[in-house]
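J.: Residues per chain are reported as follows:
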Amino acid sequence: MKSLLGAFAVVGWLTAATVAADLDEVVARGELIWAADQEGGGPHVFPDPADPRRLTGFEVELAALLAEELGVKPRFQQGQWDRLPLLLGRAADCVINGIELTPERLRDYSCSRPYFAYSLQLLARRDGRVDAFHTLAAPGPEGRWRVGVLTGSAAESVMRSRSDLEVDVIGYDGTIDSLEQVSSGVLDAAVMDDCIFNFYADRFSRLRTVERPFAGGFYTILTARDTPKLSAAIDAAIGRLIADGRLKSLYDRWDLAGRQQMLMLREGAEIPVARRKTLGELVRDTLPLLLKSAGMTVLLSCLAFPLAVGIGLAVAVGRMHGPRWLKPLLTGYVEVLRGTPLMLQLYAIFFLLPKIGLALPAVVAAVIGLALNYSAYESEIYRAGLKAVPLGQFEASLSLGLSKWQALRYVLVPQAVRIVMPPVTSDFIALFKDTSVCSAITVIELTKRYSVLALSTGRIVELAVVTAVLYLCMSWPLALLSRWFERQLERPAAGGTEG
Amino acid sequence: MITVSSLTKSRAQVRVLDDVSLEGAEGTVTALVGPSGSGKSTLLRCLNGLETFDAGQITIAGHRLAAGPHAPGLLERLRRDVGMVFQQFNLFAHLSAAENVALAPRVVLGLSASDARARGLDLLDRVGLRSFADARPATLSGGQQQRVAIARALAMRPRVMLFDEPTSALDPAMAAEVMEVIVELARAGQTMVVVTHDHGFARRAASRVVELAAGRIAREGLAGA
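Going line by line, the protein sequences match chains A and B.
Heads up, the first sequence is in our numbering, so the first residue is 54 and it goes up one at a time.
Heads up, the second sequence is in our numbering, so the first residue is 121 and it goes up one at a time.
There could be a bad hint or two in this list.
What the hints assert, rightly or not - Result set (EDC-like, lysine to aspartate or glutamate): computed pairs, CA atoms no more than 20 Å apart in a straight line:
id: 1; chain 1: A; residue 1: Lys457; chain 2: B; residue 2: Glu196
id: 2; chain 1: A; residue 1: Lys457; chain 2: B; residue 2: Asp201
id: 3; chain 1: A; residue 1: Lys126; chain 2: A; residue 2: Glu114
id: 4; chain 1: A; residue 1: Lys301; chain 2: A; residue 2: Glu121
id: 5; chain 1: A; residue 1: Lys345; chain 2: A; residue 2: Glu515
id: 6; chain 1: A; residue 1: Lys345; chain 2: A; residue 2: Glu334
id: 7; chain 1: A; residue 1: Lys457; chain 2: B; residue 2: Glu143
id: 8; chain 1: A; residue 1: Lys126; chain 2: A; residue 2: Glu84
id: 9; chain 1: A; residue 1: Lys301; chain 2: A; residue 2: Asp279
Stated by the list, open to error - Here are the computed distance ranges between Cβ atoms for each label pair:
id: 10; chain 1: B; residue 1: Gln133; chain 2: A; residue 2: Lys457; range: 25 to 31 Å
id: 11; chain 1: B; residue 1: Thr128; chain 2: A; residue 2: Leu406; range: 55 to 61 Å
id: 12; chain 1: B; residue 1: Glu304; chain 2: A; residue 2: Leu533; range: 50 to 56 Å
id: 13; chain 1: A; residue 1: Leu352; chain 2: B; residue 2: Gly262; range: 46 to 52 Å
id: 14; chain 1: A; residue 1: Val389; chain 2: B; residue 2: Pro292; range: 56 to 62 Å
id: 15; chain 1: A; residue 1: Gln541; chain 2: B; residue 2: Glu304; range: 35 to 41 Å
id: 16; chain 1: A; residue 1: Pro359; chain 2: B; residue 2: Glu304; range: 48 to 54 Å
id: 17; chain 1: A; residue 1: Pro476; chain 2: B; residue 2: Gly262; range: 30 to 36 Å
Said to hold, decoys possible - Residues from chain B that keep clear of chain A, each with C-beta distances beyond 12 Å, as calculated:
id: 18; residue: Ser125
id: 19; residue: Thr128
id: 20; residue: Asp139
id: 21; residue: Thr148
id: 22; residue: Gly169
id: 23; residue: Ala175
id: 24; residue: Gly203
id: 25; residue: Val227
id: 26; residue: Ala273
id: 27; residue: Val303
Just so you know, the hints here were simulated from the structure itself, not pulled from any lab data.
The structure displayed is predicted, hence computed values, not measured ones.
A virtual CB, placed ideally from N, CA and C, is assigned to each residue, including glycine.
The whole structure should be built from the sequences, with the hints applied where relevant.
T.: What follows is the structure in structure tokens.
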């Protein structure tokens, strides 16, 4: 326990040691570095369709105006949306990217005065069953309604806190992933900032807004806690942009109802600052969620890996001993799956298959994606293992009257399995860690859960330690199990025949 | 039992076998001798279809092999009746001695596990290795491995046994113990074809010695002649 506390102290000191750039430094540098995620899309920050090398969006223009007010040039820094605050003090001076003002953010970061008022909008298919907000209060024909949100967004926390609704809230990494899923019928509805849907409405002609926005709040610009002069300068700059009408005309240009925005920004509701939880409270509140997600990690690995090994072995045998026409097909299978990223394969299975009428539950899609991807690697390992069995044993099997398939089944494959045990074991551990990629298709396993919780609570270090301990608790027994398995295979089979 | 007529085989434009014909009656032991590269191992491997040939034909234990590729079904039937022992033993490394012997009877003949094991133990007894039944090949000496390999081939009760230089990979003491087993088989009337360098063996056990040179039969005669 003592060494654990020591680790805390060291990490704490390291965090404090990174000195963020305050206003003087920004001015001296001549650049305001602002962070956003261009993948988040319009109307905030997105690549200009006419020239994808250039970024555009109302926040790009806002950043330019702010930089101008500070007397410097704006410089864009790309980051993943739910991790943008981590860039503060390291790679960016501020974050401008539709960050909602919440009690937790007020506690953990320096938040500017609001620069935009957002409203949360419920969206559903035109021909779907969700035609009013109160529809969600009673279970649908297939049980609870499935509603998609952007992971880490206000929409997510608002929907998750609505215990009066019969909904399963599913978090997506991409802003408009949930719209795709509603459109293809996987989800019943989605909730997001109305300005985002308005921007993409043309693309989703099958969707419509359901009633008027039901909740809302403000966007804020985040700065590090230890750059008070920069924070103050940004606040003052926003004030001037509101006062002289430049912000209003910016919003009007982007069809964001400038007059209404200005009214709401001037009202500016008071938001309380959240209290910092004690370590005990933190663990008590997060451990059940972390444990549940750890279970998902184990489930994905233990379902996907045996499948991967089975398919991989079949592919290896097919490539070496199958009919001639099959070999190029299997070689193509291996090269395509090895040559493309796992993330892309998961995307294809989860987002593209529904377009041809095959909508798989996320966990099933994740298991299939992992199994297919790893089967390509396993097949190469088994091919090497089969080649390592001396040819003489194959001939000896044939000379005893065994068919080729019997020789494979009773002589070659059992030995290949033993030979490749160490690399296969290490692949199992690799898969165990690769399950985190599945968060791209809404499956929340341990790594994703950690990053969501760390950001919503601001307790990055403490939760990292808890998460690491959970990983160790899982991988240790797995390592023991695989070693035991290895020993079982090496042991001479006692007594009777085997096979 | 064995009839080879006008067997011809080329490999990379070299005639490995050139118009080879020979006969082996039931209960006889044919020794194939000759220098390395004379084609004797190739001839032996043609006899159970491990290699194909370009012209001629083979009749062995009632099965007929023609030139060109063989049908897998034909080979599987033929090999039940024609056992083979290799220079490098080729025991199945993951199975015990008894399992090596019992595998084919169980898988190919469909014997129950216990019947197959009983047959395996009998044969290990016959080659003097009953007490090594549960040993892995890697823990056995070369001579012991080859005796297990012989037992394994005998487990299918073949009408013909083929031996491909069965003692060449062994030191003299171990070669002698393997030789003893083969001589014993010859006495029991097993039809055999043995590729060997060992003229002493050829004299002791063979009914007939066929000498090959450059793919042709150079000399043929009764053993001891």
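J.: For Thr148 of chain B, which was marked as not at the interface, is the minimum beta-carbon distance to chain A over 12 Å?
T.: 21 Å, holds
J.: Far enough from chain A: is every CB of that chain over 12 Å from the CB of Ala175 of chain B?
T.: 23 Å, holds
J.: Starting from Lys457 of chain A, check that the Cα of Glu196 of chain B is at most 20 Å away, please.
T.: 10 Å, holds
J.: Quick check for students: does the CB of Asp139 of chain B sit more than 12 Å from each CB in chain A?
T.: Nearest chain A Cβ is 26 Å from Asp139 of chain B, so the label holds.
J.: Starting from the range 46 to 52 Å, see whether the pair Leu352 of chain A and Gly262 of chain B falls in it by beta-carbon distance.
T.: 51 Å, holds
J.: Regarding Pro359 of chain A and Glu304 of chain B, is the given constraint of 48 to 54 Å on their beta-carbon distance met?
T.: 49 Å, holds
J.: Taking the beta carbons of Gln133 of chain B and Lys457 of chain A, is their distance inside 25 to 31 Å?
T.: 30 Å, holds
J.: Once the closest CB in chain A is found, is it more than 12 Å from Val227 of chain B?
T.: Val227 of chain B not clear of chain A: closest Cβ-Cβ about 5 Å, inside 12 Å.
J.: Does the no-contact call for Ser125 of chain B survive, Cβ to all of chain A over 12 Å?
T.: 23 Å, holds
J.: Holds or violated: 55 to 61 Å for the Cβ distance of Thr128 of chain B and Leu406 of chain A?
T.: For Thr128 of chain B and Leu406 of chain A the Cβ distance comes to about 58 Å; the hint holds.
J.: Need the status of pair Lys345 of chain A, Glu334 of chain A: alpha-carbon distance at most 20 Å?
T.: This hinted pair holds, its Cα atoms lying about 18 Å apart.
J.: Could one say that the CB atoms of Gln541 of chain A and Glu304 of chain B fall in the range 35 to 41 Å?
T.: 39 Å, holds
The structure shown violates the earlier hints numbered 7, 9, 22, 24, 25, 26.
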